[in-house]
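Just so you know, the protein sequences line up as chains A and B, in that order.
Per the numbering used here, residue 71 is the first one in the first sequence, and the count goes up by one each step.
Per the numbering used here, residue 71 is the first one in the second sequence, and the count goes up by one each step.
Rather than coming from a laboratory, the hints here were simulated on the basis of the structure.
Note that this is a predicted model, so its numbers are computed, not measured.
Any given hint could turn out to be false.
Below, computed lysine-lysine pairings styled on DSS-like, alpha-carbon distance capped at 30 Å [to be verified]:
#	chain 1	residue 1	chain 2	residue 2
1	A	LYS94	A	LYS274
2	A	LYS550	A	LYS202
3	A	LYS202	B	LYS119
4	A	LYS119	A	LYS202
5	A	LYS234	B	LYS105
6	A	LYS234	B	LYS550
Protein chains: 2
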Amino acid sequence: MTLIDRFTADYGAVKKIDAFAFLKYLADNPDASRKHGKVVLVTADTPLKASRGEGKTTTTIALIDALRSRGVDAAAVLRQPSMGITAAGSKGGASGGGKASLTHPELVDWGLCGEMGAIAAAQNLLVSFAEKAVDEGRLDDILVPRVSEVPSRSLRQITVDRGKGNVPERVVLTPTCELMQIVVLSRSMDEISSRVAAMIAGTKDGRPVVFGDFIDLWRITTILSDAVKPAQTSTLGGSPVYVHGGPFANVSIGIPTLVSVEMACALHDVVVVEAGYGTDAGAQKWLDIACREYGAQWPSAAVVVTRATTWRDDPTLSWRYPFHVRRLEGLGVPTFPLVNLWSGEDDQIDSLRDAARALGFREPVIGNLFRDGGDALAPQLDGFMEALEASTAGDVHADSHKGMPLVEDVTWVAGSAYGVPPERVRPREGFEESLRAAARLVEGVGRDIDDLALVAVKSPATMTDDDSAPEDSRTVTLKKVEVHAGAGLVQVNLTTSLTTPMPKIV
Amino acid sequence: MTLIDRFTADYGAVKKIDAFAFLKYLADNPDASRKHGKVVLVTADTPLKASRGEGKTTTTIALIDALRSRGVDAAAVLRQPSMGITAAGSKGGASGGGKASLTHPELVDWGLCGEMGAIAAAQNLLVSFAEKAVDEGRLDDILVPRVSEVPSRSLRQITVDRGKGNVPERVVLTPTCELMQIVVLSRSMDEISSRVAAMIAGTKDGRPVVFGDFIDLWRITTILSDAVKPAQTSTLGGSPVYVHGGPFANVSIGIPTLVSVEMACALHDVVVVEAGYGTDAGAQKWLDIACREYGAQWPSAAVVVTRATTWRDDPTLSWRYPFHVRRLEGLGVPTFPLVNLWSGEDDQIDSLRDAARALGFREPVIGNLFRDGGDALAPQLDGFMEALEASTAGDVHADSHKGMPLVEDVTWVAGSAYGVPPERVRPREGFEESLRAAARLVEGVGRDIDDLALVAVKSPATMTDDDSAPEDSRTVTLKKVEVHAGAGLVQVNLTTSLTTPMPKIV
Chain A
71 MTLIDRFTAD YGAVKKIDAF AFLKYLADNP DASRKHGKVV LVTADTPLKA
121 SRGEGKTTTT IALIDALRSR GVDAAAVLRQ PSMGITAAGS KGGASGGGKA
171 SLTHPELVDW GLCGEMGAIA AAQNLLVSFA EKAVDEGRLD DILVPRVSEV
221 PSRSLRQITV DRGKGNVPER VVLTPTCELM QIVVLSRSMD EISSRVAAMI
271 AGTKDGRPVV FGDFIDLWRI TTILSDAVKP AQTSTLGGSP VYVHGGPFAN
321 VSIGIPTLVS VEMACALHDV VVVEAGYGTD AGAQKWLDIA CREYGAQWPS
371 AAVVVTRATT WRDDPTLSWR YPFHVRRLEG LGVPTFPLVN LWSGEDDQID
421 SLRDAARALG FREPVIGNLF RDGGDALAPQ LDGFMEALEA STAGDVHADS
471 HKGMPLVEDV TWVAGSAYGV PPERVRPREG FEESLRAAAR LVEGVGRDID
521 DLALVAVKSP ATMTDDDSAP EDSRTVTLKK VEVHAGAGLV QVNLTTSLTT
571 PMPKIV
Chain B
71 MTLIDRFTAD YGAVKKIDAF AFLKYLADNP DASRKHGKVV LVTADTPLKA
121 SRGEGKTTTT IALIDALRSR GVDAAAVLRQ PSMGITAAGS KGGASGGGKA
171 SLTHPELVDW GLCGEMGAIA AAQNLLVSFA EKAVDEGRLD DILVPRVSEV
221 PSRSLRQITV DRGKGNVPER VVLTPTCELM QIVVLSRSMD EISSRVAAMI
271 AGTKDGRPVV FGDFIDLWRI TTILSDAVKP AQTSTLGGSP VYVHGGPFAN
321 VSIGIPTLVS VEMACALHDV VVVEAGYGTD AGAQKWLDIA CREYGAQWPS
371 AAVVVTRATT WRDDPTLSWR YPFHVRRLEG LGVPTFPLVN LWSGEDDQID
421 SLRDAARALG FREPVIGNLF RDGGDALAPQ LDGFMEALEA STAGDVHADS
471 HKGMPLVEDV TWVAGSAYGV PPERVRPREG FEESLRAAAR LVEGVGRDID
521 DLALVAVKSP ATMTDDDSAP EDSRTVTLKK VEVHAGAGLV QVNLTTSLTT
571 PMPKIV
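The whole structure should be built from the sequences, with the hints applied where relevant.
Right, dumping it as structure tokens:
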């Protein structure tokens with residue numbers, strides 16, 4: 071029995087690992103045998119539509135199959151997709167496909183790893199206790215939304231206690247809530263407990279009230295007992311895949327849990343981490359939130375996935391892909407373009423290589439991953455493996471932005487991640503007021519809004535108010551501010567586009 | 071590897087069994103080695119309050135520990151308690167206690183066996199699709215409630231699509247919904263699929279519309295993939311316990327799933343099944359719904375649990391316990407009183423035996439199960455084991471009431487299960503109209519309301535409108551009718567008492 075076996079239990083077709091206990095063991099036993107894996111970030115071009123994926127998960131699966139076939143101990147860390155969206159039929163599965171598939175895709179697509187339901191139950195229980203607090207006069211309003219994994223536009227604005235208190239509430243999808251963020255960012259149950267205690271439940275006479283003032287935290291943490299354990303499954307090729315956490319990348323932090331990545335890095339030499347949507351979304355959040363503010367590992371390499379069409383076809387949008395690739399290279403991260411071919415596109419390979427060369431990219435990796443899986447990639451990985459081996463980017467300790475005034479921080483992200491300079495980052499009417507109210511709320515619990523980590527909330531399909539506009543007229547509009555004090559985050563809604571431009575689901 | 075091992079997988083600290091596949095295997099292989107276990111029903115006196123349990127679960131656990139210590143291959147089947155109620159703190163755990171405990175009570179109390187969340191997600195997805203159908207003009211209203219495992223009085227009446235459609239809805243606790251009933255009563259995924267298709271989603275121009283008309287059923291059944299598998303755990307004494315399904319016994323059918331009991335009967339010689347609340351609730355539902363209408367096994371023996379105080383202290387209520395014991399004996403089921411002593415009550419043993427003797431009961435089994443567990447029972451089981459061994463009650467095929475006019479059926483239950491004759495079973499204003507509307511609805515899908523099985527919905531703490539009244543003036547008021555066409559059930563609310571007299575939870 072290996073060390074990790076002591077912390078692993080079967081759960082039907084997956085295993086779950088008590089990552090908290092495993093990492094604590096390693097911390098308490100510094101001489102224990104362990105690896106020091108490097109993180110490879112898989113990200114993508116900004117998609118044309120939120121519902122049209124570039125193939126990041128398929129790439130992640132094919133990549134680890136390919137690396138393992140070349141003798142590298144590689145594993146992947148994926149997020150748990152939103153079961154409700156799969157069930158409702160709005161998006162296909164989010165677990166690869168064809169030859170680059172998981173052994174049990176239904177487990178991932180249909181939420182059978184279990185943590186979504188537990189997180190939903192825990193967040194809804196918090197709201198129930200808040201409703202009771204309203205009845206008891208302890209709260210005037212409720213600032214925490216109910217959640218459901220099952221989507222329904224009708225749930226966005228609801229009234230509870232109809233006919234009596236008529237309390238307005240809203241229901242959001244589970245992958246967007248603060249408790250999901252807390253589970254993603256915490257490294258122990260004690261930390262989860264403290265963060266839940268620090269969540270702002272609502273206000274009383276204008277002053278914020280935190281959950282720690284009136285609930286028994288063990289009720290929440292007990293519900294999460296199994297939810298905090300990463301699930302382990304595998305690709306059809308037999309490569310290990312860990313699945314844990316599922317925040318969306320447009321309206322939340324878009325990364326799997328920190329402990330699942332750290333656990334994987336203790337067990338494997340290369341850990342491929344998939345962050346959601348485009349480089350301006352999940353990747354930006356891994357770098358600027360997880361790494362800068364929460365101690366995660368800077369990537370030793372990055373793969374930016376695109377379809378043959380996404381990055382080239384629309385001349386007004388074709389600036390985005392090179393912008394992403396160059397930005398990551400500029401951060402010291404060896405960055406590899408990966409073009410995921412659909413059927414009938416094999417004849418484009420030469421023109422794709424020419425285009426990449428003209429843009430000064432590293433030699434792109436190109437293949438039909440659905441059809442050929444890891445076999446499409448393995449022969450093309452020499453440059454990647456060399457660069458990864460030599461990379462010291464994982465030692466980077468990027469500066470925290472803690473204490474940086476919020477607007478300055480947003481402006482910094484707009485510049486570094488979206489290419490828009492400060493003079494074209496503009497508040498919309500209502501923004502200043504929203505910011506002031508948020509700052510007052512945080513002050514009311516004795517904290518400073520500038521100490522919270524910034525989460526950019528915006529459409530997945532656009533980086534600025536209009537990506538088709540000429541470079542020197544692109545703008546970023548600031549819309550509103552919302553704090554998630556328990557998670558330690560401040561969410562700022564950006565750009566005039568809809569944040570969630572999904573087709574009507576249900 | 072035994073036969074059952076082929077259908078069993080570890081799930082962390084429990085195992086889950088693919089009961090559908092196991093029972094199908096047995097049906098296809100009639101020569102396969104299997105047992106033919108007898109069902110023992112554990113029920114109780116009508117409680118004084120819904121929140122004050124008599125100790126049925128503790129008894130069930132102690133009983134199988136005691137039987138196994140005497141060489142009998144016994145196992146228990148329990149329901150999954152409502153995690154939300156445990157988490158919210160309104161009721162202690164529902165998994166025994168002291169020496170009569172499960173190895174992992176938190177798994178049962180905190181819903182970590184998983185099916186509640188899946189059933190909730192599936193039922194909520196049905197409602198989401200119904201809301202979409204309303205938007206599309208396919209439905210005028212929605213007759214299926216949303217569900218939550220997390221209780222909150224504020225959720226009983228809500229409005230969705232606030233500010234636009236303003237659609238009234240309600241949220242009920244997951245253990246009370248029709249989909250839970252379907253999971254409890256179905257013996258295959260195909261059956262679940264057919265029943266979900268037959269659920270009435272709402273009406274259009276006054277005519278009922280079933281889900282089968284407009285949803286893809288595989289979306290629902292896939293969510294339920296693991297929920298249909300009974301969980302297996304054990305007592306501290308090492309006795310096998312199966313946990314599956316959790317409908318409440320006051321507002322629903324109060325029994326564990328039929329397949330979990332049938333599976334257990336194929337594996338063990340004695341299967342102790344716990345039904346919820348008193349003999350007038352869960353036991354009545356096992357006998358008159360599960361056995362008469364759905365092919366379940368008539369009990370070979372019954373144990374009626376009471377505390378030392380419940381059955382004797384209030385002279386106006388002391389008729390209830392003997393009524394229950396005699397009724398079951400009258401149905402041909404050897405019935406054993408079991409008095410569950412609390413601390414400090416040991417000195418009552420003699421007077422308890424005297425009282426039992428005076429009432430003509432079989433020799434009661436008496437013990438402090440929390441303190442002594444199975445050891446308290448084992449020396450007292452001679453009579454029980456003899457009667458069980460000799461019992462042929464399990465061969466009883468009680469007549470179905472299919473086709474019996476609904477009011478006649480309700481009257482029959484009021485007489486046989488509550489001791490109230492037909493002339494004192496009275497409709498309240500609005501009942502007739504409710505019945506007509508329900509009958510019309512069912513007719514609209516080509517079925518007859520009299521063919522549905524009757525579920526009596528009433529307070530757990532009273533059998534009649536006033537149990538303290540003299541026998542010749544006790545009445546049962548009929549309040550309203552609601553059909554669960556998918557499950558094949560018709561629910562009739564009875565008595566003037568509140569159906570759910572729980573203290574305010576959250």
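Quick rundown of the hints versus the structure:
Taking the CA atoms of A:LYS94 and A:LYS274, the gap is near 39 Å; set against the 30 Å cutoff, the hint is violated. For the hint linking A:LYS550 to A:LYS202, the alpha-carbon distance of about 29 Å falls within 30 Å, and the restraint holds. Taken as a hint, the A:LYS202 and B:LYS119 pair is honoured in the structure, with Cα atoms around 23 Å apart against an allowance of 30 Å. With a C-alpha separation of about 41 Å, the suggested pairing of A:LYS119 with A:LYS202 is violated against the 30 Å cut-off.
With a C-alpha separation of about 56 Å, the suggested pairing of A:LYS234 with B:LYS105 is violated against the 30 Å cut-off. Under the criterion of a C-alpha separation no larger than 30 Å, the hint pairing A:LYS234 with B:LYS550 is consistent with the structure, at around 23 Å.
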